[in-house]
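Participant: Chain by chain, the residues:
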Amino acid sequence: MNFLRGLFGRRKEQPVAEVTPPPEEVSVGKGGAFLVGRASHVGKVRGRNEDMLFTLESTILQDEGYLPFGLFIVADGMGGHKGGQLASSLTTRVVADWIVREVYLPSLMGETQSAGQRPINEALIEAVVAANAAVHEAAPEAGTTVTCALLLGANAYIAHVGDSRAYLVNRTNIRRITRDHSLVDRLIELGQISPEEALTHPQRNVLYRAVGQAGTLEVDTYLQSMPSNSYLLLCSDGLWSVVSDQEIVKIISNAPSPQVACQRLIKAANEGGGEDNITAVLVNIRS
Amino acid sequence: MVTPGTRPLGKQQEQDEVTLSKGTLLQERYEIIRVIAIGGMSIVYQARDLRFSNVTKLCAIKEMVNNAPDPHLRELAVKNFEREANILATLSHPAIPKIFDYFSEANRSYLVMEFIEGQDLETVLNQNLDFLSERRVIEWAIQICDVLDYLHSYNPPIIYRDIKPSNVMLDKHERIMLVDFGIAKVFQSGQKGTMIGTEGYSPPEQYRGAAEPRGDLYALGATMHHLLTKRDPRLEPPFSFHERPIRSFNPQVSTGLEAIIMRALEYDVDKRFASAKEMKQAIMLLSSAAQGVAEVPATVAFEVRGEKGGIQPLWTFECEDEVRSSPAVVDGVLYVGSYDNNLWALDARTGEFIWKYPTGGGVASSPCVWRDLVIVGSEDRVLYAVFTHNGRISWTCPTQDRIRSSPRVAMEHVFFGSDDRHLYNVSARNGRVVWKFEAVGPIRSSPTIMEEIVYVGSQDHYVYALNIQDGSVKWKFRTNRPVLSSPTFFEGLVLIGSMDWNLYALDAKSGWAVWRCRTGGPITASIPAVDSSLGLAFVGSADGNMYAVNLRTGRVAWKYATEHQVGSSPALFEGAVYFGSVDGHVYSLDARSGELRWKYKTEGIVVSSPAVVDGVVYIGSTDHRVYALPA
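Chains F and B supply the protein sequences, listed in that same order. Residues 1 to 287 (the numbering used here) are what the first sequence spells out, left to right. Residues 288 to 918 (the numbering used here) are what the second sequence spells out, left to right.
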């Protein structure tokens, strides 16, 4: 992996306000489709954006009709110099590569519906474990969070490590799907501190689990069936620690498209101080 | 001493701080010999005190770098350091190293201490491939309690705050010493940015700034947990000791010691030992008991009812042959099939006979009730719909082979499989066939209908998803062996067991496997039950176990071993799971933990599945009886 370090060491820093025009609405079969927005921004304090995102949308032709397929990843790197950026970027690419090879490509060949095929959960866990090994080797002092969602029709399969988050959002409600691997989240669970105190706790940035750590990595997985016309939001702590849940719901439900919603979420986080990198991927499940 | 779990990220340049080289002279008195340990905030050296010129007097010198950016803060840190050093200098206990001197030079402060020949417990732990013996850990814990008792008895109490294996030194006589009195913390500047690694041993209340003597007991408990299990708490979720019982890693530890450690590790300080003295007494009592008796007996946390004079049936009813069918209880009436060819209707409250309907063969299928009809299949190849109020026939639907699949009703249609390899969709009003789907093998699995899709398994190894409108295949999933069991739908997942030993969770829309959980034998007929609040699915296997499987991950949460195959399907009622076993018992387990609540022995084998209604468990046995047991 030394060549990667060299590669990344030389790379020029780029402004990261990534803007993608909203895709045209597509409707295939009875399965419906996704509308996707994504944005990442360095924030107002940091010199470098160590957050990474990845999106892949597709439709899979099945024996009977189409099945919407999506792969969405957010990773938030940490560690000095350029290690954090390397960790999040490497993790995003290793996980995406693994899922495409182990889940997506076999589905094109119609090989998925048998006991011979890796179950989705196992593929997700193996993908993150592979990323863990790659980061540990390439950037031993660095680490990253990763929240990866595989959408299949209206079902979301999520693998998660760290304190980036996945939320289920509709017009009026927001519910967190993932559990943070942070010290403060455990303290909240035990009733030692309140969620408000957690936002200013001196050790709020301490994770007990991250991609890139030594030894075996425990990967959490979640299943979430998505109601029709709901949203799946993946974001880094640069968003959720600054913009309140209610504000997030308001921005999403008032925006004309997921892409505009993502840009407004980033703007809101920057207006709240922008102390950290901010990343949001928003998927609207139509059917 | 860089610990594996505490790896501060983004601040590593401070770790590279130059250490004093051999021969460096401090205060024209202390000659540095070597580095003993490097910590996050300090370096410990071995040095020689030159004032004793005729003998070699060794000492340990701890060096702390004062890197506060503001000169005022730097000065404050030095003052705090001197205050703490003064307190330490007054302590006198065999397990506390003596303080000889302290001084500050440039931006560094130094503490001169007694040099201890030995190893810290982290090193001891890492050098032992086997578990450390309970006896040794008990001896150390008693000594640590003793020194904590000494510190806590100061007014105000001195709280150590940092008990962990690397802070406990052990000499060759098995005597322990507490080193590193958190004094270095006065030089700690706030870490910025996300880091990996928690302290692992500290009590939860310490993180909201509350330090009190019982926090040291928690850290001692955490240290003992680590020593006995070899599971480093810095690599585990914080405060998760109760989820990782000591004896599950190291069964050689006595239940008595485990209980003491778990009490020290309570989140709630008031549930811990009141003092180090009390904890010491508890350990000593255990230790003396262990010398007299071989082992502290396990405490029986609950009484198992049912074996002798325990659980008693509310009623039993004797059919004329084996009852392998599972009862359905609706509006106070129990319906069940028997190998005596009859479909029976009994009063669910009293067990009194209401009516019976004779089919032309044994009834292994389980009845279902739709409006005023009770519907059941028979070995005589016919599906019967009988009026609930009088047991007279309403309609029949003949098939080409035995019916062992149990019918299900959805949207006024009955769905059931037959050994003639078809899944039938018939009108619930008159039994007329709407469509039938042909599989490659017999269908003994009972269908589940959800969102216009019919899910069913077949002996041909496949799980099928069929469109309810026309019976066309939406998807099919191939397992490695026949599928006799029946699917359960839960939030977009289809759960189904196969004779290939696995419980599968399939994506209901696509038929892709989401996870699989391998049991120790074929899953024959047991249908998964789901408790969404616990996030668990329950299923029985021919390996004799009832499994509780995490719905998110497919991992086994617990399993309970009966003495024979479990083909019965679990039923859930108020936090308990009920099922039968071929060993003849009806079991009730705590759904969360898998602990036995009670078991009841019938005279035959139990492959029937329980129905639990209003606190009563109804189940059949091959001893010909139907039992009503209090849940």
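Any given hint might turn out to be false.
Just a few of them, taken from the derived set where beta-carbon distance is under 10 Å, the chain B residues facing chain F [said to hold, decoys possible]:
1) A498
2) E499
3) D747
4) V750
5) S759
6) K763
7) N767
8) S797
9) W845
10) K846
11) A848
With a straight-line Cα cutoff of 25 Å, these simulated DMTMM-like cross-link-like pairs (lysine to aspartate or glutamate) come out [to be verified]:
12) B:K846 / F:E102
13) B:K763 / F:E189
14) B:K763 / F:E111
15) B:K846 / F:E111
16) B:K558 / F:E111
17) B:K846 / F:D185
18) B:K344 / B:D357
19) B:K888 / B:D608
20) B:K517 / F:E64
21) B:K385 / B:D417
22) B:K517 / B:E605
23) B:K558 / F:E189
24) B:K517 / F:D220
25) B:K385 / B:D357
26) B:K763 / F:D220
27) B:K763 / F:E122
28) B:K723 / F:E64
Since the hints were derived computationally from the structure, they do not count as laboratory data. Positions of the beta carbon are idealized from the N, C-alpha and C atoms, including for glycine.
Participant: If a hint holds in the structure, say so; if it does not, say that too.
Facilitator: Structure-based check of each hint:
no., hint, result
1, A498, "violated, 13 Å"
2, E499, "violated, 14 Å"
3, D747, "violated, 13 Å"
4, V750, "holds, 9 Å"
5, S759, "holds, 7 Å"
6, K763, "holds, 6 Å"
7, N767, "holds, 5 Å"
8, S797, "holds, 5 Å"
9, W845, "violated, 18 Å"
10, K846, "violated, 19 Å"
11, A848, "violated, 26 Å"
12, B:K846 / F:E102, "violated, 31 Å"
13, B:K763 / F:E189, "violated, 42 Å"
14, B:K763 / F:E111, "holds, 11 Å"
15, B:K846 / F:E111, "violated, 32 Å"
16, B:K558 / F:E111, "violated, 55 Å"
17, B:K846 / F:D185, "violated, 30 Å"
18, B:K344 / B:D357, "violated, 38 Å"
19, B:K888 / B:D608, "holds, 18 Å"
20, B:K517 / F:E64, "violated, 53 Å"
21, B:K385 / B:D417, "violated, 34 Å"
22, B:K517 / B:E605, "violated, 56 Å"
23, B:K558 / F:E189, "holds, 18 Å"
24, B:K517 / F:D220, "holds, 23 Å"
25, B:K385 / B:D357, "violated, 32 Å"
26, B:K763 / F:D220, "violated, 28 Å"
27, B:K763 / F:E122, "holds, 20 Å"
28, B:K723 / F:E64, "holds, 19 Å"
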